[in-house]
Amino acid sequence: MLLQAGLNTALVIVGTTFLGIAAGVIGTFALLRKRSLMADALAHSALPGLGLAFLLGTALGIGGKHLWLLLAGATISGVVGVCTVQAISRLSRLKEDCAIGAVLSVFFGAGVVLLSIIQSLGTGEEGGLHHFIYGQTAAMTRGDALTMLVCAAATIAVSILAMKEFRLVCFDRDFAAATGWPVSSIDLGMMALVTLVTVIGLQAVGILLIVALLVIPPAAARFWTNRTTIMVPLAGVIGGLSGYFGSVASALLPGIPVGSVIVLVASSFFLVSMIIAPARGLLGTATTQLWMRVRIAEDHLLRSLYEQAEPFSDKGTVPPPVSIDNLTFTKQWHNSTRLLLLYWCHYRGWIDIAKKSGKFCIELTSRGTEHASRLVRNHRLWEEYIATYADVSLSHVDYSADLVEHSLSPAIIALLEESLAARKGPEWLLRKQRSLHPILEELG
Amino acid sequence: MNPTIYQLISLDLPPLLCAIFAAIACSILGSYLVLRRQSLLGDAIAHSVLPGIVVAFLITSSRSMLPIFIGAAVAGVCSAFLIEVVRRLGKVDESASMGVVFSTFFALGILTMEQAAARNVDLDADCLLHGQLETIFWYPPRDFASLLSWTTLAAIPSEVYASAATALLVIGFVALFWKELALSSFDPALSSALGFRSDLIHHALMVLLACAVVASFKAVGSILVIALLVCPAATARLYTDRLLNQLLLSSLFSIIACIAGYICGAFLPLWLGFNHSVNIAGMITVVAGLMLGIAIITAPRYGLMTRRFKSKSNIQRPSISPTLNSDKQDS
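Each protein sequence line maps, in turn, to chains A and B.
No gaps in the numbering here: position 208 of the first sequence is 208 in our numbering, and each next residue is one more.
No gaps in the numbering here: position 33 of the second sequence is 33 in our numbering, and each next residue is one more.
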């Protein structure tokens, strides 16, 4: 696609791709700083600046569509808009959301007034300004594309170089300030890069949709990872692909507004990420939760089977078989789920299901006994710990222990044993172990 | 009838009425949004109704208001719902989830609109986005006597009736659910505990918001409607601590903004010697913004000037009314 289309289109495509990457990278930090909609205010506030710059250019006789003049105007009024938002939310009783809404709409309104004035002047050049609202790559010259490319590349480079500082300010501003980092300057630098990307993106994506390029790729990347070092490049890739596909589509089908296509490609990435991403996506979260529920149900089944058999094995007699119908603790489950759970435990080799005197009965296998004894032991350790240290009354101990025991790691269990043994003396641990004799051999 | 007056009635009265009714609806809803700290939801819905309007327009291929209202309300409610879904299921920050949802909806709207425009469907992007008050006009009879007859009133543009109906709907809703709205706005937890469904109230507000946004489209356009939602309400917020006063003041401010904005847009440039009027909708938002700016600086109790000189003068502490308890920390 790149080589067939000729140098101009190729430059536009590369420029838009880089714009996407830059927006994804710097947007990540804006998202983490919870400044996503600040970029929206910034973009909308740029319109009156564009109008004034156009008027100034016309008055100076250098033509209204002087790119650098327009971009300078957009930057200045965008920054003024953001500063107004900050001033309103700091100095008056109005909250930030209110300030953003007011500034965004009033600045945009002023811009619309200026545009109508420009239109009535009839210089014949005013059509170019509309591209800044909706975004249009078809009208971009080689110089425009190069400017976009260079600025985007610079943004990416600075973001990578200043990654450590940005992360610090995003996650722990107070700590950064306390250790002597120039927090306000770093914040300002971050905001300056957001401004740069917004302004250079106006031409391609447009005022109304540039915020999407700053918000959607990072939000999509957020589903895949909890680490900034991965999230930043991932957001860059998603933004870059959106920019690439959007500009290619616009080059192939000239009637299509490029900004919308870029945003819709990014939204599809977001949708897919939200559903399939293993770390925080819907399917991933659902799987984790299901797995946790299965493990809890499994623990409950094994523990109750073990506790039922315990008095008999202490006396050395064979415990009576447990009929499936007597499993009262699973009453809250549907019959089908109950059966599934039993088959699951059978499959894992923890219980035997056999038909005895006309009823399905279950009993622990030797592996199951071993596993169950470990579970019971953990539960009792934890109960003991809560009763001793957390001042939970004895009647609530079982419930509280139930809440946490499923997530106990071996390291915590070892710690529990150690602290309880230290507190209650070594004979206590032995007593506990005696009551849980199956593990005695294992412990030696 | 005097030709000047005739011109005023036929060319200036209908758009002005349309703008005023839309502004009343928006400013009342906007007051609740500002109090509930959901101003940006107004922003998001104003962007998101676009695809609903375009699709309704394409399906019915008519400019009649009802399908457009329905399409917009559906799109608005869908986006409010999706914002909630993305925020909860995706565990994303609320402003980010708004950004994702409304820009997607808006992009869809622009794409379908451009496609429709390519097929010569009469749907103008600029009209939907910036508002074209100037295109609403009325041909009344030339004498005052027959001005109020049924036939002439029926000839008033439907946009005026639509925005008047929306304003009435909003006022009716607020009057009917006054206590539920107040309770769920100031203390959603208490309202849920008392058995009022604050989520239902929230969704009803969103539906009304979508309706008000559509009704204001013709008047001010989808972006500038945000100004009508936020600015008068925020201005009133600086002058009062009582809910009823808040609603009345914000309606009053929005009416002033409309009239002053209309005059500045339609007549001021001509008086100044230009031969074109400027965009009236833009001018209305600029006036609304100026009023907010003035209020921020000079409002008697919460203005910057008062705050600065508070220690010097003996200013009465704001009385803490039971309805506005949640604002105690602000005062």
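Just so you know, these hints were derived from the structure itself, not from any lab.
If you're wondering where the values come from, they're calculated on a predicted model, not measured in any experiment.
C-beta: ideal position from N, C-alpha, C; glycine also.
A few of these clues could be false.
Said to hold, decoys possible - To give an idea of the chain B side of the interface with chain A (calculated C-beta under 8 Å), a few residues:
| # | residue |
| --- | --- |
| 1 | I9 |
| 2 | I59 |
| 3 | S61 |
| 4 | L89 |
| 5 | V100 |
| 6 | G172 |
| 7 | F173 |
| 8 | L176 |
| 9 | L194 |
| 10 | G195 |
| 11 | F196 |
| 12 | D199 |
| 13 | A260 |
| 14 | G289 |
| 15 | L292 |
| 16 | P300 |
What the hints assert, rightly or not - Just a few of them, taken from the derived set where beta-carbon distance is under 10 Å, the chain A residues facing chain B:
| # | residue |
| --- | --- |
| 17 | L208 |
| 18 | I256 |
| 19 | L282 |
Comparing the hints with the structure gives:
{"no.": "1", "hint": "I9", "result": "24 Å, violated"}
{"no.": "2", "hint": "I59", "result": "20 Å, violated"}
{"no.": "3", "hint": "S61", "result": "20 Å, violated"}
{"no.": "4", "hint": "L89", "result": "6 Å, holds"}
{"no.": "5", "hint": "V100", "result": "5 Å, holds"}
{"no.": "6", "hint": "G172", "result": "25 Å, violated"}
{"no.": "7", "hint": "F173", "result": "22 Å, violated"}
{"no.": "8", "hint": "L176", "result": "26 Å, violated"}
{"no.": "9", "hint": "L194", "result": "26 Å, violated"}
{"no.": "10", "hint": "G195", "result": "27 Å, violated"}
{"no.": "11", "hint": "F196", "result": "24 Å, violated"}
{"no.": "12", "hint": "D199", "result": "20 Å, violated"}
{"no.": "13", "hint": "A260", "result": "13 Å, violated"}
{"no.": "14", "hint": "G289", "result": "3 Å, holds"}
{"no.": "15", "hint": "L292", "result": "6 Å, holds"}
{"no.": "16", "hint": "P300", "result": "13 Å, violated"}
{"no.": "17", "hint": "L208", "result": "6 Å, holds"}
{"no.": "18", "hint": "I256", "result": "7 Å, holds"}
{"no.": "19", "hint": "L282", "result": "6 Å, holds"}
Hint compliance for this structure: hints 1, 2, 3, 6, 7, 8, 9, 10, 11, 12, 13 and 16 are not met, and every other hint is.
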